[in-house]
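My request is simple: use the sequences and hints to build the entire structure.
Just so you know, the protein sequences line up as chains A and B, in that order.
Per my numbering, the first sequence starts with residue 1, numbered consecutively.
Per my numbering, the second sequence starts with residue 1, numbered consecutively.
Among the clues, some could well be false.
Claimed, not checked - Label-pair ranges, simulated between beta-carbon atoms: (1) Arg158/B x Ser22/A: 50 to 60 Å; (2) Gln73/A x Gln117/B: 23 to 33 Å; (3) Ala27/B x Ala55/A: 10 to 20 Å; (4) Ala29/B x Lys2/A: 25 to 35 Å; (5) Glu59/A x Ser113/B: 43 to 53 Å; (6) Cys5/A x Arg94/B: 45 to 55 Å; (7) Pro61/A x Thr31/B: 21 to 31 Å; (8) Lys2/A x Arg34/B: 41 to 51 Å; (9) Ser32/B x Asp4/A: 21 to 31 Å; (10) Ser169/B x Thr81/A: 40 to 50 Å; (11) Asp4/A x Arg34/B: 47 to 57 Å; (12) Arg34/B x Cys5/A: 26 to 36 Å; (13) Ala29/B x Ala55/A: 19 to 29 Å.
As the list claims (entries may be wrong) - These stretches of chain A come out as covered by chain B in the derived footprint (C-beta under 8 Å, 3 or more residues): (14) 6-15; (15) 43-53; (16) 57-67; (17) 70-78.
Hints were generated in silico from the structure; no laboratory data involved.
Backbone N, C-alpha and C fix where the C-beta goes; we use that ideal spot for every residue, glycine too.
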Amino acid sequence: MKLDCKHVWSQVSDYIDGTVTSQEREAIERHLANCRHCSAVMDSTRNILVLVGDARTFEIPVGFGERLHNRLQESIEATETQE
Amino acid sequence: MPRCGVSLNTEMNARTIAGNDGEQTSAAAETSAREASIITRILAGERELFHELIRPYERGLYVAAYSILQNEADAEDVAQESVIKAYKGLKGFRGDARFSTWLMAITLNEARSRLRQAKGDQLDSLDDCDEDRGDYTPSVLADWRYIPSEQLERKELRQALQEAMARLSPEHREVLILRDVRGMSITETAEATGVNEGLVKVRLFRARLSMQKLLVPKLAPKQRGLIGWLTRKAGGR
Chain A
1 MKLDCKHVWS
11 QVSDYIDGTV
21 TSQEREAIER
31 HLANCRHCSA
41 VMDSTRNILV
51 LVGDARTFEI
61 PVGFGERLHN
71 RLQESIEATE
81 TQE
Chain B
1 MPRCGVSLNT
11 EMNARTIAGN
21 DGEQTSAAAE
31 TSAREASIIT
41 RILAGERELF
51 HELIRPYERG
61 LYVAAYSILQ
71 NEADAEDVAQ
81 ESVIKAYKGL
91 KGFRGDARFS
101 TWLMAITLNE
111 ARSRLRQAKG
121 DQLDSLDDCD
131 EDRGDYTPSV
141 LADWRYIPSE
151 QLERKELRQA
161 LQEAMARLSP
171 EHREVLILRD
181 VRGMSITETA
191 EATGVNEGLV
201 KVRLFRARLS
211 MQKLLVPKLA
221 PKQRGLIGWL
231 TRKAGGR
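Rendered as structure tokens:
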């Protein structure tokens with residue numbers, strides 16, 4: 001199976017997730033070994049996902065957990081009062 | 001086992017980001033069994049245990065709500081409302097999906113509903129989206145090794161990431177957050193968002209490639225050293 005660059009780009013996401021077939025994976029890897037641009041696309045996409053997945057990327061408001069549990073507690077106590 | 005590994009070598013194992021399925025399945029089964037036991041106790045009257053049940057997920061609920069609403073106060077309110085809805089509706093949890101997926105689905109529905117109200121019901125139904133992979137041209141750089149960086153200030157980097165995410169559609173942000181931030185599987189992401197797995201994959205493809213296209217030109221000209229920061233990060237996971 002010989003792939004062109006556009007086909008490889010369309011498979012970047014599935015390749016990263018490991019959901020391409022073994023035949024497709026081999027073909028993609030053969031292409032990547034010889035295509036500097038597609039290698040850069042694959043690496044940059046993967047590395048951006050690492051950045052996105054970093055817990056520090058999303059800051060949670062200060063006191064979020066405390067406020068959440070306080071409100072939940074009020075709801076729990078209200079349920080108990082009703083019964 | 002780290003969920004995300006980093007390598008600049010394109011010959012790396014394609015499963016690195018997806019993680020090890022066997023280990024994940026086993027850990028998930030263990031968590032589900034533990035949660036099922038806690039749920040039984042809550043329903044039997046130990047209501048305070050609900051605090052413990054949701055604690056591992058509360059951060060994720062906020063992030064998911066924020067991904068849709070793009071507003072901190074609304075996201076916090078939605079996270080709170082969703083937790084209370086889940087508490088009140090716990091009897092209705094059948095255990096067909098994981099508790100975390102069920103809780104996330106409640107949060108996404110709540111956030112979408114809030115967004116619809118804010119936009120005056122202008123949003124299209126999420127299930128009606130007819131998307132395909134189409135022609136997509138990513139941002140191509142000859143050498144990725146000079147992209148983000150240990151020197152790039154975290155605040156700048158966070159801002160760049162959040163600005164890029166803000167430019168995605170709510171549907172694309174949802175799947176990106178669930179899959180790549182929360183680490184949910186494709187199946188769980190489909191269950192939480194209420195669309196089929198095929199559509200999840202397509203949205204994920206578009207979301208990921210859009211992030212690549214939006215961020216690479218911004219981060220690349222900095223010409224900073226990516227390797228140090230990312231390598232340390234990968235080693236720390």
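Hint by hint, here is what the structure shows:
1. Arg158/B x Ser22/A: 50 to 60 Å: 38 Å, violated
2. Gln73/A x Gln117/B: 23 to 33 Å: Holds: the Cβ-Cβ distance is about 27 Å, inside 23 to 33 Å.
3. Ala27/B x Ala55/A: 10 to 20 Å: 18 Å, holds
4. Ala29/B x Lys2/A: 25 to 35 Å: Check failed, 42 Å falls outside 25 to 35 Å.
5. Glu59/A x Ser113/B: 43 to 53 Å: Check failed, 25 Å falls outside 43 to 53 Å.
6. Cys5/A x Arg94/B: 45 to 55 Å: Since Cys5/A and Arg94/B have Cβ atoms about 46 Å apart, the given range 45 to 55 Å holds.
7. Pro61/A x Thr31/B: 21 to 31 Å: With a Cβ separation near 27 Å, Pro61/A and Thr31/B satisfy 21 to 31 Å, so the hint holds.
8. Lys2/A x Arg34/B: 41 to 51 Å: Because 49 Å falls inside the window, the suggested range holds.
9. Ser32/B x Asp4/A: 21 to 31 Å: This hint is violated: roughly 43 Å between Cβ atoms.
10. Ser169/B x Thr81/A: 40 to 50 Å: Once the Cβ atoms are compared, 43 Å apart, the range 40 to 50 Å for Thr81/A and Ser169/B holds.
11. Asp4/A x Arg34/B: 47 to 57 Å: 49 Å, holds
12. Arg34/B x Cys5/A: 26 to 36 Å: Between Arg34/B and Cys5/A, where Cβ atoms are some 47 Å apart, the hint is violated.
13. Ala29/B x Ala55/A: 19 to 29 Å: 24 Å, holds
14. 6-15: Check passed, 7 qualifying residues.
15. 43-53: Coverage by chain B holds here, the residue count being 11 at a Cβ distance below 8 Å.
16. 57-67: holds (count 8)
17. 70-78: holds (count 5)
In this structure, the earlier hints numbered 1, 4, 5, 9 and 12 are contradicted, and the remaining ones agree with it.
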